[in-house]
Each structure stands twice: as C-alpha cells, then as structure tokens.
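Each chain, letter by letter, is given below.
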Amino acid sequence: MESLEQIRDRLLARFPGASVTLVINPGAAAEHSLLLGAAHAVEMARFLRDDPALQLDYCSNATGLDWPDKEIVETKKLSVADPAGGPAKIVEEKTKRFEPGYLEAVYHLYSMALRHGPVIIRLRTGNRTDQVTLPSFTPIWRSCDFQEREIFDLFGIVFAGHPDLRRILMWDEFKDHPMRKDYVDPDDYEWEPTPHDRVLERAKAHYPVPPPAPAAPVSPTPEAKP
Amino acid sequence: MSAADLSPFNSPFAAGTAGPSVRAVKDPFHGDLLEVSMGPQHPSTHGVFRMVVTLDGEIIVKLKPVFGYLHRNHEKIAENTSYLGSMPYTDRLDYLCSMTTNWAYALAVEKLAGQAVPDRAQYLRIIMAELTRLVNHSCLVGFLFNDLGTSFTPLLYAFREREKILDLFESLTGSRMMCNYQRFGGCRVDPTPEWLAAASRLVDNFPRFLDEYETMLTGNEIMLARTQGVGVLDAAKAVNAGITGPCLRASGYNYDVRKVDGYGFYPRFDFRVPLGAHGDTYDRYMMRVLEMRESVKILQQAFRDLPAGPIMDPKSKLRGFRPKAGEAYGRTESPKGELGFFLVSDGSPNPYRYRVRPPTLINLTLLEDMCLGHTIADSVVILGSIDIVLGEVDR
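The listed protein sequences correspond, in order, to chains X and Z.
Residues in the first sequence are numbered consecutively from 185, following the numbering used here.
Residues in the second sequence are numbered consecutively from -3, following the numbering used here.
With the rest of the complex left out, here is chain X:
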C-alpha cells in the first residue's frame, strides 16, 4: 500500500481546495492519520473507497474523541541584561495560550479486496457547542450507520446526511452526551435505596431538606400519687 503522504498528495491533486493534513501519532504504534477538511470529506471518502489502488471498501471502526478547551501556560526563560552592568538576569516570562476544544470523529479503513490497511482518517468539528456538524460517511460505508449514531448519542456530533440519526444507546429523552469529558451525571439519575457518601451529598443538594417536623406535644405525665 502506498504511504499516507502519497495518499495525501493524490487527494490534494484530485480535490484542489480541499484540506488534507497528516496527523502524526507519537506513540509506539505509529499509526498516523489524515485529517480531512469537512467541506470535501464525502467526495474524498468516496475516492478512497473506489480508487483501484486503494479500494478501502471496509470501514472497521468509527468513533468519537472529545478534546476540551485547554489553557496552556508556556514558560519562557529570558536573559535580561542588568542596566547596572552586573551579570545578566534570567527572567521567566509566562504566556497563556487558549487552545479551543473540538470534537473529532476517527475512522479506521481497511481494504478487504486488497487486504491492506489501516488508513485512518479523522474529521474535526469547529468547536464543542454550536458547530458540531460533520458529514456522514454512512452513504459510503454502511458500517458507519450504528457507529455514527453512537457518536451522535455519546459525543453529540451531528452527522449531516445520515439517514436515521437517533440516539442508539441512551434513551430518546436523554439530554446530554455522556462520553464528553465535562459530562456530569445528574443527581437524580437513578433512585438509590441506600444513598451514601458522595451520592448522599448530591442527593441532598438536589432534593431540598424537608423542614423539621413539629415537636410532638408532650403528653401530660400522670401526677405522682401522694
């Protein structure tokens, strides 16, 4: 199979104006991937599937990833010359950089016909709140059907072009997306017969403490007999 760089170059030559970036995996597996721009993603995916040299006819795995907003503090060491003529001082300069978060969909593609793979492609959303729409690959690989529904359910990526985008594992009335890193499970998630520790604290916060019951009237004690 040709290398990822060659695939990237062919994609860029075929689809001018599309964005294809090589994402390096620093781990021991060294499975690098291609980040596709969402605008041309469906055409590029169809090309990957139908190209005679690649024939990536099988999408094994489709999954989501959540990368929350990050605030990165970078420390730079600067040497400042001493105006009094002494030795130069080393001053630390801290800069804060805000890295916006995004959601990511990762697809592992193999070729069953040519028995090679994987080619890993990824798509990224604009942010984690309102720009969460990505093109669906279900029309290209039907195996994405349930998996994209699962990503929608658990991560909240909306797949445009999916034929039947509904929640799959959580119930339909459920509101949040539990696989997100900032997900907090609701306090009254499940009735617990014997709430304890952390659950008890949260249950208290959720259900107001009932007002103390009025003191029971003291029954008149029978007078001591003389």
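Where hints are given, some of them may not hold.
Below, a list of computed lysine-lysine pairs in the DSS-like style, where the Cα atoms sit at most 30 Å apart [unchecked claim]:
{"no.": "1", "chain 1": "X", "residue 1": "K388", "chain 2": "Z", "residue 2": "K72"}
{"no.": "2", "chain 1": "Z", "residue 1": "K320", "chain 2": "X", "residue 2": "K261"}
{"no.": "3", "chain 1": "Z", "residue 1": "K320", "chain 2": "X", "residue 2": "K260"}
{"no.": "4", "chain 1": "X", "residue 1": "K280", "chain 2": "Z", "residue 2": "K320"}
Restraint-style ranges between C-beta atoms, simulated for each label pair [said to hold, decoys possible]:
{"no.": "5", "chain 1": "X", "residue 1": "E283", "chain 2": "Z", "residue 2": "G316", "range": "27 to 37 Å"}
{"no.": "6", "chain 1": "Z", "residue 1": "P310", "chain 2": "X", "residue 2": "P210", "range": "47 to 57 Å"}
{"no.": "7", "chain 1": "X", "residue 1": "A214", "chain 2": "Z", "residue 2": "A193", "range": "39 to 49 Å"}
{"no.": "8", "chain 1": "X", "residue 1": "D266", "chain 2": "Z", "residue 2": "G316", "range": "44 to 54 Å"}
{"no.": "9", "chain 1": "Z", "residue 1": "D266", "chain 2": "X", "residue 2": "R299", "range": "12 to 22 Å"}
Chain Z is faced by these chain X residues, among others (derived, beta-carbon under 8 Å) [said to hold, decoys possible]:
{"no.": "10", "residue": "N209"}
{"no.": "11", "residue": "A237"}
{"no.": "12", "residue": "D241"}
{"no.": "13", "residue": "A272"}
{"no.": "14", "residue": "R299"}
{"no.": "15", "residue": "F330"}
{"no.": "16", "residue": "L353"}
Calculated from the structure, these hints are not laboratory results.
Cβ coordinates follow ideal geometry from the N, Cα and C atoms, glycine included.
Fit chain Z to the known structure of chain X by using the hints.
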C-alpha cells in the same frame, strides 16, 4: 426533530408512543399492518434486545432494532480506571468468550505501549482463544436449534461439551466464564502438565462430539427447510456494512483477521478458513461447525509445539503502567467477528479514550435487509444465526 421522529418505535406510519407490544398500524400502500415489539424480554433475542417488526400478515415489511437495555457506558468506566483495571471488565463484554476479549484488549495495549510477548504466552493465548471458539460455536449451534423450536435437547448436547471446556478454564483461572486471563505482555497463570494433558485429551475427543451432533441434526429435514435460502446475505453488501467473522465468510468472502493480520503466532499454524456459498442461515450454521473442526486442528498443533519458557515479558509493568502518548487500534478475530480496541493515551495511568469495536453490534446492521420478506418466525432464526451477545452490543 419532533417528538415523533425520536419515538422508540420509529414507525413511519403512526406517531410512536410507548404503547402495547402489538398494535395495528395503517399504511396507505399495504393496508392494515401489525407492529410487534419483539423483546426486550423475549427468549429468542438472546438477552435484552428488541426488534420492532412491522408485519403484513406474517411477512416482515420493516424491522428496526432497538439497543441500549444493557448499556452501562463501559467506555466511560474504562476511562476512569487504570489500563489493567478494565481487563476484568472486558470479560463482561462478550461473556461467552472472555479469553478472546481479554486478548484483543491486551493486544491493543501492547501495541500502544510497544510491548513484546514471550513465545509460550503466545501459544497459550492461541490455545485459550481456540478453546473459546469451541465454546462459543458449540453454544451457537445449540441455541440455533432452540430458535428453530427443538426445545433444549440439542442445546444440552452442546452445553455438555461446553461445560467440559469451562471446567478446564475454571481449574486454570478460577472462573468458568470471567477468566481475566491475559495480561499486558503475557498471561496470568501457567497451566500445569496435567492441565495440558487433560485439555489435549478433550480436544482430541471433540470431533467425535461434532460427528455425533452433525449426524443427528445437520441433515435434518426441518432444519434444512427452515434455514436454506433464509436470510440470504450478499457478499458485496456485507463488506460495505462491515459484517465480519463467520457471517461474512458464510457469504463466500474470504476475510479472516487471523490470516490477514497474522497477529499472535497464527502464521505458524496450518489451518483453513471455511467459506460458504449462499450466505443463508444454513451456511452460517455450517461455518460454525467447520470452524470448530479447524480450531481442533489449531489446538492439536499448539499442544504439540508449545514451548517451555516464561509466560510474562520481564520488562512488563503491572503497577505504574503509563504508555507514552499516542493511539493504537488492535483488532482480532473473535468467534463472533472482528473485535477491535481503539486506545488513546495521554501519558497518564488511565486511557484518555477507550473504544470497543463490537463485532455483534455492527453485524446487526444488515438484520433488516436479511429479514425483509421472511416470516416473523424466520427472523428469530436469522437473528440466532448472526450470533449476538448483548453485553457487547450495548456495552
């Protein structure tokens, strides 16, 4: 989306409300139809799986699977524990084949961390995986006859053999089904020579069980009438829908991850990949029987060649295990199909992302296509031949 779009029934003909399990629906084309909710509490669904079936008389015109009754967000739980901490939990994914699920997870972590596995452990893994394949497939052929209506007699013949293997697992790992056997860089316990001798005897006797079972059941007239030509799966469609394992090979498509990826020591073994011709329920049944015969061959070679030596890589760390940042996707041929684990590490002791690629969930993609035009009784058999386990479908 409106409330009707989100209804669990997702009926195109009527607004879905949580109603009775059988109800009439109107369709301008077909006329009067009946919508039947099969499951989640139904013995033929092999767990808590539900099919919302729309029937024209007895013929299925629409089928929607409904999942999630066993969902416990396994992936989130794994993100909140250490890498090794989710190893026992992988037993509960596919609770019939914990050994192969363990191996798939160990394989992905070893790929993520770049760990080696000693030779003896590689052989032991193959022995356990193929014994598990015998367990799973003998369960399946038993349950398939249950679904066909021969209540329990064939199943108990199959369970008799399965229980012998589970006894071996219990004496080795301490548990019949939740084995928790694999570790990153090897296995947990080394079998004794007596254990190996007993296992080898069992494997040598296994073809006798298969012959007996096949003599009684494979040529059975009712079995042939109920399975041949039922639930035909087209190979090209199956590839596109990501169907893997015996279901794909029953359609005549030769794709076995043991051969393609050659993970573990599988390239050292001489075995064949059985292929079907028609892709119907009967072929899917025969795939299981033939794969059991091939597993017996693999096991006999493994017992013959099993080397001595350590079962754990001396460099592997059980405590303070922190793989370098990166990601890895490891996939194996589990008895039910391609089981993969996708792991993302950020250098901490817990995985940043832990994803299970469940073969049985994805094999259900084409359930509707396979069932359309068949009777509701056939849908039970078709579902049985796909071989699902809900611990893995819902995770």
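Hints, verified against the model:
1. K388/X with K72/Z: Holds, at roughly 25 Å.
2. K320/Z with K261/X: Status holds; Cα separation ~27 Å.
3. K320/Z with K260/X: 25 Å, holds
4. K280/X with K320/Z: 25 Å, holds
5. E283/X with G316/Z: 27 to 37 Å: 29 Å, holds
6. P310/Z with P210/X: 47 to 57 Å: Taking Cβ atoms as reference, P310/Z and P210/X lie about 26 Å apart, which means the hint is violated.
7. A214/X with A193/Z: 39 to 49 Å: 42 Å, holds
8. D266/X with G316/Z: 44 to 54 Å: With a Cβ separation near 45 Å, D266/X and G316/Z satisfy 44 to 54 Å, so the hint holds.
9. D266/Z with R299/X: 12 to 22 Å: 19 Å, holds
10. N209: 5 Å, holds
11. A237: 18 Å, violated
12. D241: Constraint on D241/X satisfied, holds at 5 Å.
13. A272: 35 Å, violated
14. R299: 5 Å, holds
15. F330: Since the shortest Cβ distance to chain Z is 6 Å, the answer is holds.
16. L353: With a minimum Cβ separation of about 4 Å from chain Z (threshold 8 Å), the hint on L353/X holds.
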